[in-house]
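Using my numbering, you'd call the opening residue of the sequence shown number 12 and step up by one each time.
Bear in mind the hints are in silico, worked out from the structure with no lab data behind them. Just so you know, these numbers come straight off a predicted model, no measurement behind them. Just so you know, even glycine gets a beta-carbon here, dropped at the ideal spot from N, CA and C. Where hints are given, some of them may not hold.
[Unchecked claim] Computed beta-carbon distance windows for the label pairs:
(1) 156 / 64: 32 to 38 Å
(2) 257 / 89: 48 to 54 Å
(3) 64 / 190: 21 to 27 Å
(4) 132 / 315: 28 to 34 Å
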Amino acid sequence: MGVHSTPAIERDHGFKIWWQLMRPHTLTAAFVPVLLGSVLALKYTDIHYGLFAAMLIASLLIQAATNMFNEYYDYVRGLDNESSVGIGGAIVRNGVKAKTVLNLALIFYGIAMLLGVYICMNSSWWIALVGLICMVVGYFYTGGPVPIAYTPFGELTAGLFMGVAIILISFYIQTGSVTASSILFSFPIFLLVGAILLANNIRDLDGDKLNGRKTLAILLGRKGAIYLLGAMFLISYLWIAALIIFMHVSFWMLLTCLSIPKAIQAIKGFIGKSAPIQMMPAMKATAQTNTIFGFLLTVGLFIAYII
12 MGVHSTPAIE RDHGFKIWWQ LMRPHTLTAA FVPVLLGSVL ALKYTDIHYG LFAAMLIASL
72 LIQAATNMFN EYYDYVRGLD NESSVGIGGA IVRNGVKAKT VLNLALIFYG IAMLLGVYIC
132 MNSSWWIALV GLICMVVGYF YTGGPVPIAY TPFGELTAGL FMGVAIILIS FYIQTGSVTA
192 SSILFSFPIF LLVGAILLAN NIRDLDGDKL NGRKTLAILL GRKGAIYLLG AMFLISYLWI
252 AALIIFMHVS FWMLLTCLSI PKAIQAIKGF IGKSAPIQMM PAMKATAQTN TIFGFLLTVG
312 LFIAYII
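Construct the complete structure from the given sequences, taking the supplied hints into account.
Take a look at the structure:
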């Protein structure tokens, strides 16, 4: 653990700081999969709204806690400072105690576990094992001796656990099964959740390299990482087109194309940029692409089911 001097800045413990600490722009990575998985279940059953609410709140709490673990461990490793770009750094910039951040993350985990018990009582106790694995991965994403976030596997891990896993759990607790279509519909969200992490790592590429991280963006280089981000967006839209053509799903799924301008904005926002502050709008647009795409896909599915 590094030695940290006390920042000579005005301390602010208001609600805004605690809200930023949860990194709200990332919470859609938990909200969208729960919504999509639940709407996918409408084809087979009526929605159990208690299970939907419990799953949604638990997922949001786990995501928020994961963000707080990130805040805490970036601090203790000396990676955050007052000039850090982004919404992290509440400990060094706003005087929030590191131990408070860690304890709050653990409290969120505790509440999520209680909600998990309710979910298991109304579905299957196998969900407890899956949920526990998700929570462990959330902790080790930035905690532990070799954080997943510092390796080339951050995007893959985030996509699998915050995209595919949440969609399939949300679907399973409503229907009692997992279908091929639920897996296929989870794939573009897997890509777009991973894209959020890739965008973050493109922004932080230079600093991460100095701190010895080996992220995918570092391995590919800035230009290669931007190409990969573009490919992830493109494949997400082509995947929906393929589902319409080969699986005969509703043309209402094409509503997702309305999110294309955000994806283009994200790519253009990274091209030719090197300063982290210059890439913040592109990073935001990447997260918004996931949110809008997932919401429109959910709307398209809902319309297809009720027509």
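Review point. Should the hint that residue 132 and residue 315 are 28 to 34 Å apart at their CB atoms be regarded as holding?
Key: Distance hint for residue 132, residue 315 holds at roughly 32 Å.
Practice item. Hint says 48 to 54 Å; check whether the CB-CB distance for residue 257 and residue 89 agrees. Key: Because 51 Å falls inside the window, the suggested range holds.
Exercise for review: Could you tell me whether the CB distance from residue 156 to residue 64 stays inside 32 to 38 Å?
Suggested key: The hinted range 32 to 38 Å holds for residue 156 and residue 64, with Cβ atoms some 37 Å apart.
Practice item. With respect to the beta-carbon atoms only, verify the hint that residue 64 and residue 190 lie 21 to 27 Å apart. Key: 23 Å, holds
In the structure shown, no violation is registered for any of the earlier numbered hints.
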